[in-house]
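Colleague: Make one complex out of these two single chains by using the hints.
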Amino acid sequence: MNMHSKTDLRELSYAEAIREAMDIAMARDERVILMGEDIGVYGGAFGVTGDLVEKYGTDRVMDTPISELGGAGVAVGAAMTGLRPIFEFQFSDFATLGMEQIVNQAAKIRYMLGGAVSVPVVMRFPSGSGTGAAAQHSQSLEAWTAHVPGLKVVQPSTPEDAKGLLLAALEDPDPVMIYEHKILYKMKGHVPDGYYTTPIGKAAVVREGKDLTIVATSIMVHKALDAAETMAAEGIDAEVIDLRTIRPMDRDTVLASVRKTGRLICIYEAVKTLGVGAEVSAMVAESDAFDYLDAPIIRLGGAECPIPYNPELEKAVVPQVPDILEAARNLAKGRV
Amino acid sequence: MRDTVMPNNIPYAISRYSAEELKDALKKMYLIRKFEEGAEDSYMRGLIHGTMHLSIGQEASAVGSCMSLTDDDKITSTHRGHGHCVAKGADLSRMFAEFFGKESGYCKGRGGSMHIADPSKGNLGANGIVGGGLPIAVGAALSAKRLGTGAVTICFFGDGANNEGAFHEALNMAKVWNLPVVFVCENNKYGMSTSTERSTAVKNISDRAVAYAMPGVTVDGNDFSAVTEAVDAAVERARKGEGPSLVENVTYRWRGHSKSDRNRYRTKEEIADWQSRDPIVAMAKLLVDHKISTEDEVAEIEADATRIIEEAIAFATEGDNPKIEEVTRDVYTKGAAA
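Protein sequence lines, in the order shown, are assigned to chains A and B. The numbering used here numbers the first residue of the first sequence as 1 and each following residue consecutively. The numbering used here numbers the first residue of the second sequence as 1001 and each following residue consecutively.
Here chain B stands alone, though its shape is the one from the complex (with noise of 0.2 Å):
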């Protein structure tokens, strides 16, 4: 693991980023929380059908990987995506609208927990299938490298999706085109019950950045500096022009895979493990150790998110549901065909 301590002592993201965004990161990382509790309540509740998949625990890697994009700039997301639609700065009331499956959802209630995503902000899309947003985020920085436009494309995958081919395929091609793409890897340690030690032939998946003569760094992925410091360095070096880099935050899922893991795979010991390195509690530390908040200003931040995740549940719950008869509207871009 890198470390992120920079030789005057300063954390790289203090020295980096104004108060105000680290700030703004730290109530990110609130709402991503908050959301996921709020939508794992809900779920407790009979208020939602289906399934879904939370990030709670992993915050730091999301925020952290966003914090020098602009809206122009792209990511892919995951099956695990709320998180990533926080950070790249979506509505919170529109994402529990989608979550609650409404029209006034961002993806009309036709897409829910798996695919909320607001293209606006430059989220090309949370994606149902491991490894299915890798060769598009590609794509993405294809169109940006040929049309000029200085954007840069973060690639968000779990560890499960570096043992698809899509992995291999896309990470070739993005080098050997140069593209202007950050493939950000976010190891919880698992697919669903398989952990990276029995389903990856490398100790670390940044390792395997070599096969691609890329740039390859592993950091905590639960450290919002560590993060920031590797990811804004893969950016740069897109956004000047000298291609794709590799980055793996190595991070942990405190929840099940979905709502039907019953953790049979891992020990009541590794999670509270992992529990107790909460990236959001280590966030507030840094901020309050070099005077950017004070205890009340985090505390006001928190309470801040609790009440805009109230507001965007009750917003999600008055909602109109779609209508049964336009369910066929948006297959086609011009009317419905065949």
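Bound-form chain A, shown alone (with noise of 0.2 Å):
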């Protein structure tokens, strides 16, 4: 997964790799300013901005009103007009307020236009579930805007990809939403210097494996990395992808593993039915890929319910790594 030098040992939080890589950008770029509530001298709500306004200042670092519609939309004008605005919203959940800009707007005028114009906004959306916070601030609603035509949507799931995938979008000429999971921004890993990009459209196979191959996206990953390991102690050897971007969707990396391995486990912390699940598992049984397959394939993704406050509730309504054990094994049965 790493392409860039093994002797940088260098270790950074998710949150913190964000936000170096807004660092990088202000510093090459006048234009990239950023937008958001409680971004400045509170330094955002789960800290990704930090002390940014200090180097940059408030024109630079703007703490919006409470307003997420008119924010996102101020954000897609200054699009469209020069700057490079990244916007955040302070939890995706309050992205619903600003839906009317991210898809009437922001998706649809370079078309509408017939192509005269470029909307070249970022937005970040604080995403999942694990803080407690309960049904209106632990959504997963990244198939919302995936759903649409005119945007990129991507979920780094490691400090390295939060990094990589926010500098590629600011490279991106077209509306980029970045998924960031909130669990994820204390995790650690190694983040390479200075100014690299991570290709928006391209998964990652961040795990080898012949028997089987889970898909997975956002901190999803993380645990099936986890049950990985414990299936390879079982004898299944397991393939991880992650997918990191679910629009464009990367099918060539995804059918190929497939071919491979006759088996096909996808994992999504958002609600299972007509998400990221679905595209993947009819991407495969659309192609021929679907010939390859021993066994039926096995979606895990939340329950139909909204987001519980208790916190054995609300772990039982995500995918767990035991979770992802009995499906695998049940899909190993008859092969191990």
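Hints are computed from structural coordinates only; laboratory data are not their basis. All residues carry an ideal CB built from backbone N, CA and C; glycine is no exception.
Covered by chain B, per the in silico footprint, the following chain A stretches (three or more residues, Cβ under 8 Å): (1) 67 to 75; (2) 80 to 91; (3) 94 to 106; (4) 112 to 125.
Modeller: As structure tokens, then:
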């Protein structure tokens, strides 16, 4: 996964990696500005922007009023006219208030105007459960924006990709939505120094294996890797793919793996139905990789339920390592 | 309503603009009227599909508001945006080609009536979502301030949009950040069928300016000079760094909201009353009264507009349809994704 010098062992948290990406981008390009609620002296609700306001001032690290629709729209208008805004929704749930500007405006303006303009806006969505914040502060709604042509949608799972995908998003002329998992903000990992980009639209094979393929997004990549280690001890050799981008989806990497292993589990935290898992499954079912399947596809996703408050309930509604193990064992039966 | 007669009895627009500029303004008003009539006629003859929102009766607001803008200045427009597009300098042939859905249209046939715009003239787009352009205009003004371009943005919106949340959020942010934007409300009395009296808690939409600590004024939107006086002052404030303003142009759409409108919410008498206050007739009279144009010249300007529209319709009719295999082009900037 790390394409950079192995001698550089510097570690940063996922939040620090995002902040470093923003810092590098702002230092390189005067047009880059940050906008969002409480991202200035407060440093962001999750501390992602940190002290950037001290370095770049309030003109470039702009606290917005609590106005998600207006704020998102200002970012869209600014992106159309020469700035490169990075707009932070404080919680991804609050983006529901800004959907008009994301879906009707950012995604479509280029097309509606016959390609005469681009909308190079980057939006960040702190997502996911596990913080005890209950139903309106814990959702994983990435499939909403991934359903809209004109947008690109990424879900970094590591500090390295969080930095690389943000820098790639800023190079992209079109609107890029970045879904960051809140539980990952404190996760540490190797992050290369300086400027680099992680390609949008490319999945990563994060563990090679031959018995079954696990396609995972965001925090589920880590759960899948945990489960894969346990499986290995039981003689099941799982390949784990970090999808990284869900629009456009990396079809080649997923299909190649399924052709090799003949078994597929797709894991994501969002509500199971009508989400990433449905798309990955259909992608396989509609291709020649279907002929390589030795067993039905399994999807592991969130329960058909809002995220509850009680910690045991909260854990119960999203896939956990034992769920992955159980699915993998069932799938591997007959082969192992 | 503001009294637009200057102390020496010279209307503002006459003292502010040259004869050429005023004649050009009259020509643009005729072009809007005839574009809309041509559009309506094309629809009646089955030459186009879809719907349209005509701005017949609102020409003074569109043209008057844009008088002091340059091509570097921006506008955001609305679903009733043909007039703003003409006022901001668009080519009528490419407008009609877009209306006909042709590849030679401004949006290459992808946008149609509700999205016709020439971004090279500073038009950031018409918008099918009521209130959709309000925050975008604030963003354009933010860019102008941050990049130091000196550009001003005019945000056109209707009375309907003044009850959208986007209105509140946009005006508040524009003032908080003191941005060079002028909010021009074209109050044509009805949001589709619902009158401002039934939808809006304040008497004048400009009354809402006080909530955002910005100047607000209501003018006769069918009086070209009144519109230019109010909007020019607001543009001047914006350009000098004095922040946003709200101008309400009270006007009237002679036609229904769209093609499905049966006008059941207003009377024939009301429509006739507003038609007797035709902004183009008033503008022509203004120019003749102040010896800017003779009546013959006015007739020539009108004939010139008629000719341009005829040529535009011919250009649009002859244009090629977009290629079906290129339908996903321009969804993304670099090739197709997903």
